[in-house]
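**Student:** Sequence:
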Amino acid sequence: MRIAYVAAGAAGMYCGTCIRDNALASALMAIGEDVVLVPTYTPIRTDEEDVSHERVFFGGINVYLRERWRLFRHLPPALSRMLDHRGLLGTLGRFSGSTRADELGRLTVSMLQGDEGPHRAEMDKLIGFLTEFRPDVIQLTNSMFGAYARGLRESVGAPVAVAFSGEDIFLDGLLEPYKSEAYSLLRARAGEADAYIAPSHYYAGHMAERLGLPEADVDVVPLGIGVGDFVERDRPPSEAFRVGYLARICPEKGLHNLVGALTLLRRQNERSIELRVAGWLSKRDEDYLADVRREIQRNGIEDAVSFDFDIDRTAKIDFLHDLDVLSVPTPYHEPKGLFVLEALAAGVPVVQPDHGSFPELIENTGGGLLSPSDSPEDVADTIQSLIDDDALRSRMGCQGRTSVLERYTSQQMAERTLAVYSRMIAC
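At position 186 of the sequence shown (counting the first as 1) the number is 185 in numbering that gives the first Met the number 0, and the numbers step up by one without a gap.
What follows is a list of derived Cβ distance ranges for each label pair:
| # | residue 1 | residue 2 | range |
| --- | --- | --- | --- |
| 1 | C397 | G190 | 43 to 51 Å |
| 2 | C397 | G211 | 39 to 47 Å |
| 3 | R1 | P330 | 39 to 47 Å |
No more than 30 Å apart at the CA atoms, straight line, and that leaves these computed lysine-lysine pairs for DSS-like:
| # | residue 1 | residue 2 |
| --- | --- | --- |
| 4 | K282 | K178 |
| 5 | K315 | K282 |
| 6 | K124 | K178 |
Hints listed in this document are in silico derivations from the structure and should not be mistaken for laboratory results.
A virtual CB, placed ideally from N, CA and C, is assigned to each residue, including glycine.
Modelling step: build the complete structure from the supplied sequences, incorporating the hints.
**Tutor:** What follows is the structure, encoded as structure tokens:
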């Protein structure tokens, strides 16, 4: 099967969706499918081998300039191609925190206008490329590309699948009136794709409700990860109990909640409790991290907290192997939970809030505990139960690792996705 997979770069940062898209494309290739992974906005960044195509479509600079100034909608093709150069687009991460909120809202709405908006020329470039590739199916990485589904199907002649990947966190952060306009445009074009795919049952229902789709129209394909380099850990006993956080450092992921939980745990335990933090920090979230660091200082726990930013895959696995438990107490209702699967693959149990995709991940793997909420008090109480019970902690780590190896690999994700594609083609 020839599959065109349209992904979206994240301005130079590691993001769970980029990692998922690259892993899925790579796994589809490994089982014999002919796949082209097409980046948009910026090159993708992943901690495994990048299998994406060298050309970037809907380049972030071109898209921004076309929206900001009308004269850029008529650039000569040669100049437009220069602005889509990978090296130039790779610098966008330096400016990711400088775009004004109102400009971001206008840009989002213009993208959601699809082939009726100002970015028709960018779509035509993608159509030309895909027509030459002649795919049997086209996969779009999130519903914000859904406005292009009908045009792609009619122009390229292939059915189109749209993934739900966590885009609501971005949309919900837009200022009004752009937030309402964006959801209105999404609902108006909902149903134009041939299939919709969500990474969890929670998110299938959530996005179906937001877009006015029947939940039965959304296929659930659980997230999968590459597990070949996640060897079983052999951590020697340690005097300190180590809690880990592995996610983007931002308010939505809840590092502040875990710092609060650590403060409580250190007060109620004679044993040393440490927190190790690893994850991407964007320019936008530097003030948030500064607030977290001030909270750490106020609580007098500086010596118990360490930070590691922008780690590669080998360092990430080593980081996980050195933990007793991982917790990312998100206020946001997480659709995927990549960090849960990675921790479990390393044999590390997790403590997560009882919302989003976490209940089904914990239930299906047996690899951790749910806290009643993301509050520091609830998270601390739940972690305490694992501090107090070495046997339970070990059992959950082993069970979680076994479950991920059996049910949540990138190969299984590819096979389940391929079944959806096959049904689309048969219709």
